[in-house]
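Chemist: Residue numbers (the numbering used here), protein chains in the order written: chain A, 1 to 130; chain B, 1 to 144.
To be clear, the hints were calculated from the coordinates, so they are not data collected in a lab.
Nothing here was measured: the structure is a model prediction, and the numbers come from that model.
Treat the hints with caution; some may be incorrect.
Computed from the model, here is a short list of chain A residues facing chain B with C-beta under 8 Å [what the hints assert, rightly or not]:
| id | residue |
| --- | --- |
| 1 | Gly15 |
| 2 | Ala16 |
| 3 | Ser20 |
| 4 | Ala59 |
| 5 | Pro96 |
Heads up, the beta-carbon is just placed ideally off N, CA and C, and yes, glycines get one too.
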Amino acid sequence: MTMAEVTLAAVILMGASSASLQIWSSSMAEIHSAQRRQLALNRIDGELILLQKQWQQLAQLGPLAPACLAASEQLLAKLQQAPQAAGVERELTLLPAEEGLLVSLRDQNEPRAHRQQLVKPGALRLCEGA
Amino acid sequence: MGLVLSSLSLQATALQSKLHFRSQVQVRSDQDQLSQAAQRLVSQINLLHPCLLNLPEQDWALQGTACIDTNQATSLIQGGDGSPADVLTLDWQPDASGQKVMLLLQLPTVEGGSGRRGLFAIQLGGDPIRAWSIQEQGLLGASS
Numbered sequence: 001m002t003m004a005e006v007t008l009a010a011v012i013l014m015g016a017s018s019a020s021l022q023i024w025s026s027s028m029a030e031i032h033s034a035q036r037r038q039l040a041l042n043r044i045d046g047e048l049i050l051l052q053k054q055w056q057q058l059a060q061l062g063p064l065a066p067a068c069l070a071a072s073e074q075l076l077a078k079l080q081q082a083p084q085a086a087g088v089e090r091e092l093t094l095l096p097a098e099e100g101l102l103v104s105l106r107d108q109n110e111p112r113a114h115r116q117q118l119v120k121p122g123a124l125r126l127c128e129g130a
Numbered sequence: 001m002g003l004v005l006s007s008l009s010l011q012a013t014a015l016q017s018k019l020h021f022r023s024q025v026q027v028r029s030d031q032d033q034l035s036q037a038a039q040r041l042v043s044q045i046n047l048l049h050p051c052l053l054n055l056p057e058q059d060w061a062l063q064g065t066a067c068i069d070t071n072q073a074t075s076l077i078q079g080g081d082g083s084p085a086d087v088l089t090l091d092w093q094p095d096a097s098g099q100k101v102m103l104l105l106q107l108p109t110v111e112g113g114s115g116r117r118g119l120f121a122i123q124l125g126g127d128p129i130r131a132w133s134i135q136e137q138g139l140l141g142a143s144s
């Protein structure tokens, strides 16, 4: 093997190693990031399950108010008091025209991890209609 | 060579994780849409057409159903509530006890909809009888 061949082989080896290490490093970063995103999704799911339990418990007690808008307002007040998981943004929006309550949950560090549920008091026997 | 192969394998794993997350986000978005549709449908039935609570969906549009006319029944089944993604009611099936209904909904298959279906258990109770609980039983996957 000549000196030129040895040099060329060394250059190719170094280039391949360097590229591989870069891919390896970015892949590891992506895998860690995926794990963080999955944890964020799980956190949001857990928070949603807790809120769902809250409104199911309320539904077992019967109507909150005769009118659905008033029932939505009471539901809003009760859900605002529910404990909130760290790292999760919770937004409760009272929709117009007795459309119900919109519950939005979002992870503070991973905005793509989000859930949005509509709660209609009429569907849960929390009101009797207008 | 080992380093090249292991880095490519890791790259494939990373790509798979990314795709998995994207799919998980889509599943949750579908769950949320189906759940919203279930809330809307059950609310309408509870407040406006309670006689449907214990009536199988295939009988809703029959002539002679006391509390709803054929057009309204068709509108309920086809999810014509004016929402951007109208959800189809595939089945509403009360059980023999009269205390529980299984509801099957499907997302649209057109305009980018996944066509995914969601199964919900609806609890009935009280006097007069009304639905008071909606629990998702799971997604049944997209239709082909």
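Chemist: Can the hint on Pro96 of chain A be confirmed by a CB-to-CB distance to chain B that is less than 8 Å?
Modeler: violated (14 Å)
Chemist: Does Ser20 of chain A meet its interface restraint, that is, does its C-beta lie within less than 8 Å of any C-beta in chain B?
Modeler: holds (4 Å)
Chemist: Verify the interface restraint on Ala16 of chain A: the C-beta must sit less than 8 Å from at least one C-beta of chain B.
Modeler: Holds. Min distance 6 Å.
Chemist: Is the shortest C-beta separation between Gly15 of chain A and chain B less than 8 Å?
Modeler: violated (11 Å)
Chemist: Taking the closest Cβ pair, is Ala59 of chain A under 8 Å from chain B?
Modeler: Cβ of Ala59 of chain A sits 5 Å from chain B, so the hint holds.
The structure fails hints 1 and 5 (numbered hints given earlier, in ascending order).
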